Amino acid sequence: MKKIKFLIFFIIPFFGLSQETENQSIFNQFLNNLSGSVESNAQWYVDDDKLGDFYDPNFPLSDEYLRANTYLSLDYNFLKNFTVGLQVESYEPLPLLNYYPGYNETNIATYYANYKNEKLDITAGYFYEQFGSGLLLRAYEERQLGLNNAIRGGRIKFSPTDYLNFIGLYGQQRNGFKVSSSNIFGFDADIDISSALNIEGISSFNFGISYVGKHESFSPDTPSFNTANFPEMINSYSIRADIDFGKIYSSIEYSLKGKDVAYTPPSSGVPTIIEGNYFEGNALLFNIGYTKKGIGVSATFRRLENMAFYSEREYGIPGSNEFNMLSVNFIPALTKQQDYSLSNIYIYQAQPTLQLQDFAGQAGEIGGQFDLFYKFKKKTIIGGKYGTKLSANFSYWALLDATFDENQGTYDAEFLKFGSRLNRDFNFEIRKKFSKKWSGIFTYINTITDKGVTLGGPLGVQGNIKANIAIAEVTHKFGKGKSVRLEGQHLWTKQDDKNWAGATLEFNASNRLSFYINDSYNYGNDVENDQIHFYNFGGSYSKGATRIALNYGRQRGGLSCVGGVCRFVPESTGLTVNLSTSF
Amino acid sequence: MNNHNQKIKFILNLFALLFVFSLSSQNIPNAEIKTLDGDTTNLQTIATNNDLLIVSLWATWCTPCKNELDAINDEYDDWVEETGVKLFAISVDDSRTVKNVKPMVNGKGWEFEILLDTNGDLKKALGAPTVPVTLIIKNGEIVFRHSGYNPGAEDDLFEELKKYI
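Protein sequences, first through last, are from chains H and C. Residue numbers for the first sequence follow our numbering, so the first one is 1 and each next one is one higher. Residue numbers for the second sequence follow our numbering, so the first one is 1001 and each next one is one higher.
In isolation and in its complexed conformation, chain C is listed as follows (with noise of 0.2 Å):
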């Protein structure tokens, strides 16, 4: 019994615990990811030389994730004209299905930039246990963050995009 209590304890305390970080905003994490050519660079570098970006979280295997990029990208022009937002789709593919990045990609027609975390690194940095997440940064910081992704979300995520042109 007196086990029990103190795991009870414990739970309070991590939730207290949690309570005062979830004041602060997040940071960029600076976890290596490569480029289609095999160059390492890391997301603080992307946030620095780009006032205003999206980044997507997504993988070749996921269903949602490749629907919400469709959906981008049909109305992508429209939203680089308005906003100036350079669109960032970072592939979480391990080995086995990280080949199929560059021909679906072009197979599918997308004008986005394309980059890899084929070992999860910035996947595990910025805490994300599914894909897609989808995140607004705006001059280096992040201002928006949304998981999952529903039909139709592209429209509020474009309104959210307005509010930092």
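Excised from the complex, chain H in its bound form (with noise of 0.2 Å):
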């Protein structure tokens, strides 16, 4: 707080003083080299008859029901090639519901100076970086759920040639205003085969290497504890290819995690450190598409056996880290991502961690995904005068197959056998404009989900919950951006919570202003109070770089997804006002 202070009234007085001087020039000059950004998004909460009164379990002694996460980051510019920023972060008078605590009050966040010319890039300070698919190394930010494990430290970036790039970084990542007591090094180097040799014939070729380590320093909570060859080091290596050759392509990726710790679950006690045995970590990650005009397939496979890759260990404990902090690496569920309300009850999130017990042990998962996107020509039976889109897509993924020895603390996974089903999933979507001011979109998917996934607890024995969803949506355009669209939804299922309907109206009065009311309701819930409905209403105006947008309703709890990264929230009813502009 004291060093925004000082920063605001240092910074004011001296627009203040150019503003009124022949320095207005300087004072231009200023402007036009600063950028920035500010989001606030703040949430109203009341009590709710259904759902209780508003209650924050991570603050349960509060009774805040005002609050706002805001957050600003400024960029200056200066002598063409250097660059500082920051990024100021609020949270006041408490971080909205389901944030991680350690967002609290108001302070600096992020702040970094860059040099950056033709071939080098220098940062001092946080930075955000990925490796390849992030299989090892992913720096990111994602304010929808509270995450920035951006590092602090230094990032060196070279490109001697357009062909060859390398990066250096060292540094300890963020966890809310503080940063992780490990220190992470990092290199990675990747080079455009492609162009370095002038093949042709082929679009492109990549290859790429990266090693990333991790020190955390060790002092075991018992004397007893045995701490030869304690892996306060983790070494872990990844290599990747990536070829094009215009219709069919390709990429593989496959990274090996230095040995790590395991935990002893949670079902024994307190889970503690197995002492000895540490367990090293790997992944397969393979992909190949076949593309040409109106028509696309591409197929992944991914194998992830003890992936979980924390900057502090004490993060990987099982059921201690609700708020995916820390996280080193990034290993997102590899399903369609869907953005209507009924289709995200019932969603997959990848499951990398080892946790060796006897009884639902897990070692990893296994599977893969097909997508279809097709466009049927204008002037046929089923394209019609504008041509129909369909995209289709099925997933399959299961735990790997693998035996346990609590006692030994020892397992072995096989390398490609599938154990449990954990996830299956079939959906297609259609689109169609029927005419100038008419345009539709079918939706259907067909999915299996294990109840451990979806609703927390032991993997692959708690049994399935399999649902049907079917969403239409018609949008009827007026003209000058003035348009309604209509969304129906509903998912049959026999378990969990049973039967769902939805539905939305927007009216969009034009291009900058919009309203929308939308309802999903659990009509088939056995019990008759859990009957509720999830209603929503707001809107929201946008001109230029600014959006605002209000919103009363109730949210739907349970797995909450953004970008394949999943977490458990509560049901909550409020306002909500989300503010962002730039400049």
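Check before you lean on any hint, since a few could be wrong.
Straight line, CA to CA, 27 Å or less: simulated DSS-like cross-link-like pairs of lysine-lysine [as the list claims (entries may be wrong)]:
#	chain 1	residue 1	chain 2	residue 2
1	H	Lys292	H	Lys247
2	H	Lys293	C	Lys1086
3	H	Lys385	C	Lys1086
4	C	Lys1102	H	Lys293
Partial list, computed: chain C residues near chain H (C-beta under 10 Å) [to be verified]:
#	residue
5	Gln1026
6	Thr1035
7	Thr1060
8	Asn1106
9	Lys1108
10	Asn1119
11	Asp1155
Keep in mind the hints are simulated off the structure, nothing from the lab. In this text, all values refer to a predicted model and were calculated from it rather than measured experimentally. Glycine included, every Cβ here is placed at the ideal spot set by N, Cα and C.
Build the complex from these two chains, which are given one at a time in their own frames, with help from the hints.
In structure tokens form, the structure reads like this:
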């Protein structure tokens, strides 16, 4: 707080002075070199006669009903090659419900100084980075989930030629307004072989290698703990190749994570580090696709074994890290990402974790997905006047087939054998424009999800939830930006909370102003009191880089996912205001 | 109470600061983005090489984004003919869905230039919390910006575009 006050009291008088003197042009120059953005998400929670009074499990004693998460980010560019910037974050008086309690009060969250020319890019301070597809390292920001694992330290990117790229980095990972107690070292090299060797006939051929090291010191709680061979330093490696022949393209990535600790299962008391036995992890990701105009197919296979990777090992204790903090790598669920409300109730979450236990143990996941995109041509029976677009997806994920010996603290996983099924999903979407004014989208989803994935608890032993979801929407354009969109949804299942129905009506008064109302109704719930309407209504106005949205309603609890990363959130009711602008 | 007043003061100061900032026009960020072939480029370079361009930040999982690009694609040939514009559709898909970009673009028959912002560097530099974000860049300057897509907004975009021929 003090630092920010200093900053503001220092900068504002400077503006005041410069505006009234001949320094006007310097001032304008300053503004021209400055860019930034503000995002504020405020919520006024209310007590709900159906869901109960407002309650924040992270701050059980607080009665702060009105809260806002605000982000201000500023970047200033000078002398052509230099940029400095910072991000101030404010969680006042407390963070919004479901946010990591370490995001509290107002503070400078990240800052950096960067020098960049054609060959060199040097950053000191906080930075974001991703090696390959992120199987070993991804530092990124996802505000909706409260994730920001930027690394504070230094990074050098060096591109001696246009086909060679090197990255070296060192630092500690951000954790709330603090940083991790461990150190991360990273190196990545990427070569564009097709340009380097001037290979004709292929569109691209890239090859890359990465190294990620994590060092975290260890002092055992009990003096009897034998620290011989204890993995304070975890050295991990990855190789990858991408090749594109134009119509056919493929990529492969293999990562080997160094020996790391595993914990005893929560079922046998407080989890503790398994002494003396440390385990490597590995991941294999393979993708192949074919595409030409009007058609695209893509198939992905992934096998993960013990690939959870945290910058502090305690964040890997089973059940202790509900906010997904301090993850070094990025392991998203490889399933279709849907954005209708009822399609996001039963979704899959990737399972990279090793849990050594005789009953319901897990060593990782194996599976894949297949995608099809097809356009029925104009002036055919199915295509009609404007053409019809079809996309379909199939995915299947299972536990790795493995045997566990809890007493010995060991396990053995098969390479390519599928264990208990965790998720099977088939879905397709058809988009059609009927006339200049009418268009529609139809979506069908047939999904089977393991109860442990969706509701929590052990995997592969609690049974499944099978659900069918159909969604139809039509849009009518009136012209001049005016339009109306109506959407109907239904979810059928015999398990969990049974059937749901949903509908949305959206009215766009102009290109800038929209209103909507929607409802998801769990009418099939066996418990009459739980047959709840999750209604929402609101509007948004956007102009230029500014957008303001107002919403009032009841949020459904459960698994909430953004970009393949999920966490469990409680239900809540209230008024939300979202404001964002940039300059 | 004192603490409370300080916070209010702080917020007022913040708004004063923002007002001053909002007078400036937005710069084109030089955050690294990739082509589908894996080559590195940035929006500044692209803006230098093209007089008039539309930039659309989108994602394979974003329904309004796809609606917007589908709608523009239906009229794209006319737009190019009349204004000489070029559209760069920059996907913010992360490694979960980025492999779907190429087949989806071809499956839909889009004729745009496709680029990738896989770790959200450009999205962050533009200060865009949501997609779609649509920009018109004329002679290296962002002259129009809009976030979100309402059906029919492509007509307004075209009207806007014609101002810069």
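Evaluated hints:
{"no.": "1", "hint": "H:Lys292 x H:Lys247", "result": "holds, 6 Å"}
{"no.": "2", "hint": "H:Lys293 x C:Lys1086", "result": "holds, 19 Å"}
{"no.": "3", "hint": "H:Lys385 x C:Lys1086", "result": "holds, 26 Å"}
{"no.": "4", "hint": "C:Lys1102 x H:Lys293", "result": "holds, 11 Å"}
{"no.": "5", "hint": "Gln1026", "result": "holds, 6 Å"}
{"no.": "6", "hint": "Thr1035", "result": "holds, 9 Å"}
{"no.": "7", "hint": "Thr1060", "result": "holds, 8 Å"}
{"no.": "8", "hint": "Asn1106", "result": "holds, 4 Å"}
{"no.": "9", "hint": "Lys1108", "result": "holds, 6 Å"}
{"no.": "10", "hint": "Asn1119", "result": "holds, 4 Å"}
{"no.": "11", "hint": "Asp1155", "result": "holds, 7 Å"}
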